[in-house]
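Asker: Below, each chain spelled out in residue letters.
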Amino acid sequence: QSVLTQPPSVSGAPGQRVTISCTGSSSNIGAGSDVNWYQQLPGTAPKVLIYGNTNRPSGVPDRFSGSTSGTSASLAITGLQAEDEADYFCQSCDSSLSARNYVFGTGTKVIVL
Amino acid sequence: QVQLVESGGGVVQPGRSLRLSCAASRFTFSAYAMHWVRQAPGKGLEWVALIWFDGSKRYYADSVKGRFTISRDNSKNTLFLEMNSLRVDDTAVYYCARESLKIAPGDLDYWGQGTLVTVS
Chain A
73 QSVLTQPPSV SGAPGQRVTI SCTGSSSNIG AGSDVNWYQQ LPGTAPKVLI YGNTNRPSGV
133 PDRFSGSTSG TSASLAITGL QAEDEADYFC QSCDSSLSAR NYVFGTGTKV IVL
Chain B
925 QVQLVESGGG VVQPGRSLRL SCAASRFTFS AYAMHWVRQA PGKGLEWVAL IWFDGSKRYY
985 ADSVKGRFTI SRDNSKNTLF LEMNSLRVDD TAVYYCARES LKIAPGDLDY WGQGTLVTVS
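Chains A and B, in that order, are what the protein sequence lines are. Under our numbering, residues 73 to 185 are what the first sequence spells out, in order. Under our numbering, residues 925 to 1044 are what the second sequence spells out, in order.
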C-alpha cells in the first residue's frame, strides 16, 4: 500500500515559521483525497490538527495551517512555540470502488531550537 | 467528552491470537465508522482496519489482511480487533479511533489512549 513521504525532522527557533511537506501520489492526494494532519506529543495519542486539507478543529491555534498542491500537501507552523515540539503526521486515503485504505505519512519531528 | 478506552493488549507468542476491545462512550457509537491504527515502538503510525458505522463494510491494510478481523457490537458500544497468526512485527501500540462526520472520508477526530501488544 502507498505511504506518504515526509521529512524526518524540521527545526526552527521560537517565533519562526516552519513547513512540513507530505508527498503522495496519483492514487491519494493527486486523486483529490483530502489530507489531514495530526500532532503527537510524547507519550500521548495523536490529535487532529488540520482536517479536509485546510480546516482547523476548534481549539487549534491559527498558527497552524494546511495546503495542498498536486500530489503534495504542506503543514505550516508560524510563530513557533516550545509546546509545538512534537511529531506530526499527514494522512490521506487511497480510494477505489472496492477498497478504502487510509495511509499515513512517515512522520516529521519538529524541533524547537 | 468522547471517550475511547482500549483493552486486551499484552505479551503473546508468535503464531498465537489476541482480541482487542475498545469501549466507546459519550457519543452515538452506532453512527460512526471506527478504525484501528497501530504504532510500533519508536515508529510512525500505520492504519490497520476500518469498519463502517453499521458493520456492513470492512477494509484492511495489506499487512494484516487475512489475519486480523475488525468487528463491532453497537448494542454494547464496543469495537473489536481479532488478531490471529501474530508475528513479531505486529508488536505495537494499538489505538482505536473514531472517523469524523465532518468530511468523507473523514479525519480521525478522537483516539483512545492505546493498548500495547508485544509479540515475543
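Don't read these hints as lab results, they were simulated from the structure. Some hints here could point you the wrong way.
[Unchecked claim] For each label pair, taking beta carbons as the anchor points, the in silico distance ranges come out as:
no.	chain 1	residue 1	chain 2	residue 2	range
1	B	G932	A	P80	41 to 47 Å
2	A	G84	B	P938	22 to 28 Å
3	B	R991	A	L185	41 to 47 Å
4	A	A103	B	S1044	25 to 31 Å
5	B	S987	A	G87	24 to 30 Å
6	B	P938	A	T126	29 to 35 Å
7	B	S987	A	P129	37 to 43 Å
8	A	L185	B	V929	36 to 42 Å
9	A	G102	B	V929	33 to 39 Å
[What the hints assert, rightly or not] Derived pair list, reagent style DSS-like, types lysine-lysine, alpha-carbon separation capped at 30 Å:
no.	chain 1	residue 1	chain 2	residue 2
10	B	K1000	B	K989
11	B	K981	B	K1000
12	B	K981	B	K1026
13	A	K119	B	K989
14	B	K1000	A	K181
15	B	K967	B	K981
16	B	K1026	B	K1000
17	A	K119	B	K1026
18	A	K181	A	K119
19	B	K981	A	K181
20	A	K181	B	K1026
21	B	K1026	B	K967
22	B	K967	A	K119
23	B	K981	A	K119
24	B	K1026	B	K989
25	B	K967	B	K989
[What the hints assert, rightly or not] Output of the computed footprint for chain B on chain A, the stretches with three or more beta carbons under 8 Å from beta carbons of chain B:
no.	stretch
26	91-97
27	132-142
It should be emphasised that the depicted structure is a prediction, and the values quoted were computed from it without experimental measurement. Just so you know, even glycine gets a beta-carbon here, dropped at the ideal spot from N, CA and C.
Asker: Any hints from earlier that this structure breaks? Give me their numbers in increasing order, please.
Answerer: Going through the list in order, the structure violates hints 1, 2, 4, 5, 6, 7, 14, 19, 26 and 27 and respects the others.
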